[in-house]
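Line order of the protein sequences matches chains A and B.
Sequential numbering from 3 applies to the first sequence in the working numbering.
Sequential numbering from 12 applies to the second sequence in the working numbering.
A couple of the hints might just be wrong.
[What the hints assert, rightly or not] Here are the computed lysine to any residue pairs in the SDA-like style, where the Cα-Cα straight-line distance is at most 20 Å:
hint, chain 1, residue 1, chain 2, residue 2
1, B, Lys137, A, Arg90
2, B, Lys137, A, Pro37
3, B, Lys24, A, Thr139
4, A, Lys24, B, Asp42
5, A, Lys113, A, Gln8
6, B, Lys137, A, Gly100
7, B, Lys24, A, Arg30
8, B, Lys137, B, Gly90
9, B, Lys112, B, Leu87
10, B, Lys137, B, Leu87
11, B, Lys137, A, His86
12, B, Lys137, A, Glu124
13, B, Lys137, A, Thr137
14, B, Lys24, A, Gly87
15, B, Lys137, A, Val85
16, A, Lys113, A, His86
17, B, Lys112, A, Val85
18, B, Lys112, B, Ile20
19, B, Lys137, A, Arg30
20, A, Lys24, B, Val34
21, B, Lys24, A, Lys113
22, A, Lys24, B, Arg35
23, A, Lys24, B, Asp31
24, A, Lys24, B, Phe43
25, A, Lys24, B, Gly38
26, B, Lys24, B, Asp124
27, A, Lys113, B, Thr94
28, B, Lys137, A, Thr139
29, B, Lys137, A, Gly87
30, A, Lys24, B, Gly41
31, B, Lys137, A, Val143
32, B, Lys137, A, Ala92
33, B, Lys112, B, Thr145
34, A, Lys24, B, Ala37
35, B, Lys137, A, Thr35
Since the hints were made in silico from the structure, they are not lab data.
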Amino acid sequence: MNPDLQGRAFPATEPYLVGREKVREFSRAVLATSPLNHDVDAARAAGHADVVAPPTFAIVLQQLTLDQLVAVPDSGIDMTHIVHGEQRFAYTRPIVAGDELVAQLAVTSIKTLGGNAMVTAETAITDVTGAHVVTATSVLVVRGDA
Amino acid sequence: MISLTVGDIVAEKTYAISRDTLVRYAGASGDFNSIHYRDDVAAAVGLPGVLAHGMLTMGIAVQPVVEWIGDSSKVLEYGVRFTRPVVVDPESGAIVTVVAKVGALDGDVARIDLTVTYNGDTVLGKAQARVALTSEA
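Okay, chain A solo, but in the shape it has when bound (with noise of 0.2 Å):
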């Protein structure tokens, strides 16, 4: 793993519009049944502009920004050994259907253990005023033992 990737500013992502049936899909995948996160009305009522997302929703943001990262072509990282060690979401506020977003990834931390390497990436997920949504923190394990 490419020690020089700390630090190194990435580019932000194209927008990405949330959409009412992609929230509906990711909150049945992950078993939640609240119903603001499948009903308008349901959302609407509670003060919100559409369906809302689960917490774990900004995954699939945050993921675009990890591929980036992946791709970088000297990043000496091997997909097949990367292990998840920690997630973190922290919001301002909360996705809704109609969203659009963009996601912006800093390389905070890496951290050589052994022939591993610990990684924390920080995607900051603004609208496309800038204004800020949800920080999602991972921390990736890259095993440097193959």
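Mind docking chain B on chain A? Use the hints.
Positioned in the frame of chain A, the structure of chain B alone reads:
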């Protein structure tokens, strides 16, 4: 505002995860890593079997909290460590149990600690959600 005491169990639920659940999550999330649906690939990389996506386990584990609080937008922060894999048998699947307990209270925000177990072992470490207790999150 909801009245709570540290140590209160606010939710407890058991989930059956099958291979169908994994395929559905792969499609919904876009994570098509084949260790989550192919036994041959899982075996080739030395895994004990097809594993649930860590993000699926994380996504399911917060659902009892969402059901309790009634609105997923009240989950302000949520984090976990992935400590043990969940092996999903092709026939019997996997049973995952979630217990959600009040870990700390700070004004209008509760820290809910999740204990997530599979086969008697905890599979997520330091699984915590910060949840707004007020009607306006």
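Hint check results:
At roughly 11 Å between alpha-carbon atoms, Lys137(B) and Arg90(A) fall within 20 Å of each other, so this suggested pair holds. Our distance criterion of 20 Å between C-alpha atoms is broken by Lys137(B) and Pro37(A), whose separation comes to about 28 Å. The hinted pair formed by Lys24(B) and Thr139(A) fails the criterion: a straight-line CA distance of about 27 Å is larger than 20 Å. Restraint check for Lys24(A) and Asp42(B): the C-alpha separation of about 14 Å stays at or below 20 Å, so the hint holds.
With a CA separation close to 10 Å, the supplied pair Lys113(A) and Gln8(A) stays within the 20 Å bound. The hinted pair formed by Lys137(B) and Gly100(A) fails the criterion: a straight-line CA distance of about 33 Å is larger than 20 Å. Among the hinted pairs, Lys24(B) with Arg30(A) is consistent with the structure: their alpha-carbon atoms are about 17 Å apart, no more than 20 Å. Proposed proximity of Lys137(B) and Gly90(B) is supported: the alpha carbons are some 7 Å apart, at most 20 Å.
Proposed proximity of Lys112(B) and Leu87(B) is supported: the alpha carbons are some 17 Å apart, at most 20 Å. Using a Cα cut-off of 20 Å, the hinted pair Lys137(B) and Leu87(B) holds, with the two alpha carbons roughly 16 Å apart. With a C-alpha separation of about 15 Å, the suggested pairing of Lys137(B) with His86(A) holds against the 20 Å cut-off. Restraint check for Lys137(B) and Glu124(A): satisfied, since their Cα atoms lie roughly 19 Å apart, inside the 20 Å limit.
For the hint linking Lys137(B) to Thr137(A), the alpha-carbon distance of about 19 Å falls within 20 Å, and the restraint holds. A distance of roughly 24 Å separates the Cα atoms of Lys24(B) and Gly87(A); the hinted pair therefore is violated under the 20 Å criterion. With a C-alpha separation of about 17 Å, the suggested pair Lys137(B) and Val85(A) falls inside the 20 Å cut-off, and the hint holds. Using a Cα cut-off of 20 Å, the hinted pair Lys113(A) and His86(A) holds, with the two alpha carbons roughly 15 Å apart.
Straight-line distance between C-alpha atoms of Lys112(B) and Val85(A) comes to about 28 Å, which puts the hinted pair past the 20 Å bound. For the hint pairing Lys112(B) with Ile20(B), the CA-to-CA distance comes to about 4 Å; that is within 20 Å, so the pair holds. Distance hint between Lys137(B) and Arg30(A) is unfulfilled; the C-alpha atoms sit about 25 Å from each other, more than 20 Å. Our distance criterion of 20 Å between C-alpha atoms is met by Lys24(A) and Val34(B), whose separation comes to about 15 Å.
For the hint pairing Lys24(B) with Lys113(A), the CA-to-CA distance comes to about 37 Å; that exceeds 20 Å, so the pair is violated. About 12 Å separates the Cα atoms of Lys24(A) and Arg35(B), which keeps this hinted pair within 20 Å; it holds. The straight-line distance between the Cα atoms of Lys24(A) and Asp31(B) is roughly 18 Å, inside the 20 Å bound, and the hint therefore holds. In summary, the hint linking Lys24(A) to Phe43(B) is supported, as the alpha carbons are separated by about 16 Å, within the 20 Å threshold.
At roughly 10 Å between alpha-carbon atoms, Lys24(A) and Gly38(B) fall within 20 Å of each other, so this suggested pair holds. The suggested pairing of Lys24(B) with Asp124(B) holds, with an alpha-carbon distance near 14 Å, which does not exceed 20 Å. For a cut-off of 20 Å, the pair hint linking Lys113(A) to Thr94(B) stands: about 19 Å separates their Cα positions. The suggested pairing of Lys137(B) with Thr139(A) holds, with an alpha-carbon distance near 15 Å, which does not exceed 20 Å.
For the proposed pair Lys137(B) and Gly87(A), the alpha carbon gap of about 12 Å is at most 20 Å, so the pair holds. Only pairs whose Cα atoms come within 20 Å are accepted, and Lys24(A) paired with Gly41(B) is accepted, the gap being roughly 11 Å. Pair hint Lys137(B) plus Val143(A) holds up; C-alpha atoms about 17 Å apart against a cutoff of 20 Å. Distance restraint check for Lys137(B) and Ala92(A): the Cα-Cα separation of roughly 15 Å lies within the 20 Å cut-off, and the hinted pair is therefore satisfied.
Annotation: proposed proximity of Lys112(B) to Thr145(B) holds, straight-line Cα distance about 18 Å (limit 20 Å). Between Lys24(A) and Ala37(B) the alpha-carbon distance is near 13 Å, which keeps this suggested pair within the 20 Å criterion. Restraint check: the Cα-Cα separation between Lys137(B) and Thr35(A) comes to about 24 Å, which exceeds 20 Å; the hinted pair is violated.
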